[in-house]
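For the protein sequence lines, the chains are A and B, in the order given.
End of the first sequence sits at 65 in UniProt numbering; the numbers just go up one at a time, nothing left out.
End of the second sequence sits at 263 in UniProt numbering; the numbers just go up one at a time, nothing left out.
Hints in this document: simulated from the structure, not taken from any laboratory.
Errors might be hidden in some of the hints.
25 angstroms max Cα-Cα, derived PhoX-like pairs, lysine-lysine [stated by the list, open to error]: (1) B:177 - B:147; (2) B:70 - B:29; (3) B:62 - B:29; (4) B:62 - A:42; (5) B:70 - B:227; (6) A:41 - B:130; (7) B:248 - B:177; (8) B:173 - B:248; (9) A:41 - A:22; (10) B:62 - A:24; (11) B:184 - B:173; (12) B:130 - B:147; (13) A:41 - A:24; (14) B:227 - B:29; (15) B:62 - A:41; (16) A:41 - B:70; (17) B:173 - B:147; (18) B:62 - A:22; (19) A:42 - A:24; (20) A:42 - A:22; (21) A:42 - B:70.
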Amino acid sequence: MHIILNGEQTAITSQTLLAMVKEKGFDPDTVIAEVNLQLIKKDDWEQTTLAEGDTVELLSFVGGG
Amino acid sequence: MMSTIQTQDDTLYFGDVAFSSRLLTGTGKFASGDIIAPMLAASGSELITVALRRVDPNAKEKDILQYIPKSVRILPNTSGARTAEEAVRIARIAREAGCGDFIKIEVITDMKYLLPDNAGTLRATEILAKEGFIVLPYMMPDITVTKQLHDAGAAAIMPLGAPIGTNRGLEMKPMIKRIIEISKLPVVVDAGIGRPSQAAEAMEMGADAVLVNTAIATSHDPVAAGKAFALAVQAGRMAYLAQLAEEKEYAEASSPLTGFLRS
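This is chain B alone, in the form it adopts within the complex (with noise of 0.2 angstroms):
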């Protein structure tokens, strides 16, 4: 049997633009801008979050745009929206400002939890996608909100790990895996991915890529955890096409059982 390394074209699409790399990355909470480009060419991440925000009068610090290589897609995202209407606008102001036609969508109304509005999210997605935008809808794990989501014109799912900057992992893993069973687009595990080893977990039970920002950003060496995790979404992913073996209840030897020198 030939392995799927050889014979697999792995290819990760959203919309028709095509990715070899199935780690996100984002631009929150760098302690420096310069971190941003090493911290890409370490990770080999494609495409990258930046946000929109009015100017601050008094922080003249240089656009974000300026820090990431022409190579690496932008993907703008829509935080501060608290209404698909407000989602809506910093999209069409991104695009126009030469961003292209990635958008995530993040509509959040909680301000304690930091948690989507699927409502929201749902009706930005209809009409940001018969706009032509590659929609990238962040949302709260629901099996109803990901088929209303494909319907709607989405690119991807992005369902939540944890919440936004917990580094808590896969806590909504249940409804994760049921929405990777039932989605014909992209699964992006997006938020709360705060070690590796919770982003390989997620590409081995079948996630098509990870967003991380947080964990990297606020490491203490940004380069080299981007590249830790680079390995981990490679090593998940692998392993999620090797068709990993079940969970047994009971020991099954891996050695012959029959006694040594004893028949």
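Chain A with its partners taken away, still in its complex shape (with noise of 0.2 angstroms):
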């Protein structure tokens, strides 16, 4: 399926926000995830099934002043 991910269409295996983190490679620990708009805590990353369209953010901390 298809998701917006971080503003770019994105092709996706993975039914939940937790294996799609990891499909893309980044690392969970660090990541912070908005789905639709909607933070979702990381223990409800596993249970956080994504549909197909969902608008989905994944942010971090960066350096900054």
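Join these two chains into a complex; the hints should help.
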């Protein structure tokens, strides 16, 4: 299926948020996830099922002043 | 008379959180994240800013939080926000992600000069203070907005010294002085401070703290620069507490003016 990942149409094979994060090569420990503008707590990632067309934002803390 | 050094408790509070260091630092622009911890140790800074961004699949860099010792409190900023609503969203995400209640509001619509949008900053402060955040709003020095930020529940007032990253120091000095006069909240001079002497000057004027990122991060030796800024902030603070005498127009002898061996 396809989701909008960080603004880009992206094909994924995973069903859950946790699996998708790993599929795309991100470290789940250092990434923050929003699905359809809703922040998903890390404990809930495994239970969060993604659907066609979902908007997912993966964020992390970076250097800033 | 007892010296203020011995008698005065000089703790700085943002909300109900106490700080002994009056130097806030940032994590932007360091050549390597590995320098951040030794810089923090050398500077004694207890509050450091971080930013939140979309992850870049091509740049697998370590999360910046991993470089910051647990003893140092995180001050997430809302950089990248062009509206109050975006700033609010970033603040909520940062808190949910475990960064605590501190938030530095940064709402910038002007991408050339990078000057803060005070109207958006005020709106975001109102919303986030009601949600229990300890809000430190970065603002264009302005007396009316200073008063409005008090009413909105801000925990500090953070006027800019000069535009972000310019190292030009206290270009806004007259307005910052007025803000210090009227503010009941701590005043933190944020942005533009390029030299320890400028940090000392801000503190001598009565600023409660300064936030320095670029000048430390982009120096040749950020650890030494962090220490230099810390000493300058301490010197400036001590000078402020000592209530230095005013400038005078005319010379005033420091030694007796009676002639040497003449009367």
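For the pair supplied as a hint, residue 130 of chain B and residue 147 of chain B, confirm whether the alpha-carbon distance does not exceed 25 angstroms.
holds, 17 angstroms
Verify the proposed pairing of residue 42 of chain A with residue 70 of chain B, using a straight-line Cα cut of 25 angstroms.
holds, 20 angstroms
Would you mind confirming whether the straight-line C-alpha gap from residue 62 of chain B to residue 41 of chain A stays at or under 25 angstroms?
Given that 25 angstroms is the threshold and the Cα spacing comes to 20 angstroms, the pair holds.
Measure nothing beyond the straight line between the CA atoms of residue 184 of chain B and residue 173 of chain B; if it is 25 angstroms or shorter, mark the hint as holding.
Status holds; Cα separation ~18 angstroms.
Below or equal to 25 angstroms on CA atoms is what counts here, so check residue 62 of chain B against residue 29 of chain B.
Satisfied, since the Cα-Cα distance of roughly 15 angstroms is no more than 25 angstroms.
Proposed proximity, residue 22 of chain A with residue 41 of chain A (alpha carbon, max 25 angstroms):
holds, 16 angstroms
Checking one constraint from the list: CA of residue 227 of chain B to CA of residue 29 of chain B, max 25 angstroms. Satisfied?
Between residue 227 of chain B and residue 29 of chain B the Cα gap is close to 18 angstroms, so the pair holds against 25 angstroms.
Residue 173 of chain B and residue 248 of chain B: Cα distance at most 25 angstroms?
Holds. Residue 173 of chain B to residue 248 of chain B sits at ~20 angstroms (cutoff 25 angstroms).
Regarding the pair residue 173 of chain B and residue 147 of chain B, is the alpha-carbon distance no greater than 25 angstroms?
Holds, because 18 angstroms separates the two Cα atoms, which is no more than 25 angstroms.
Hey, residue 42 of chain A versus residue 24 of chain A, does the alpha-carbon distance stay inside 25 angstroms?
Given that 25 angstroms is the threshold and the Cα spacing comes to 17 angstroms, the pair holds.
Would you mind confirming whether the straight-line C-alpha gap from residue 70 of chain B to residue 227 of chain B stays at or under 25 angstroms?
Status holds; Cα separation ~20 angstroms.
For residue 41 of chain A and residue 24 of chain A, compute the direct alpha-carbon distance and say whether it is at most 25 angstroms.
holds, 19 angstroms
Checked against the numbered hints given earlier, this structure breaks none of them.
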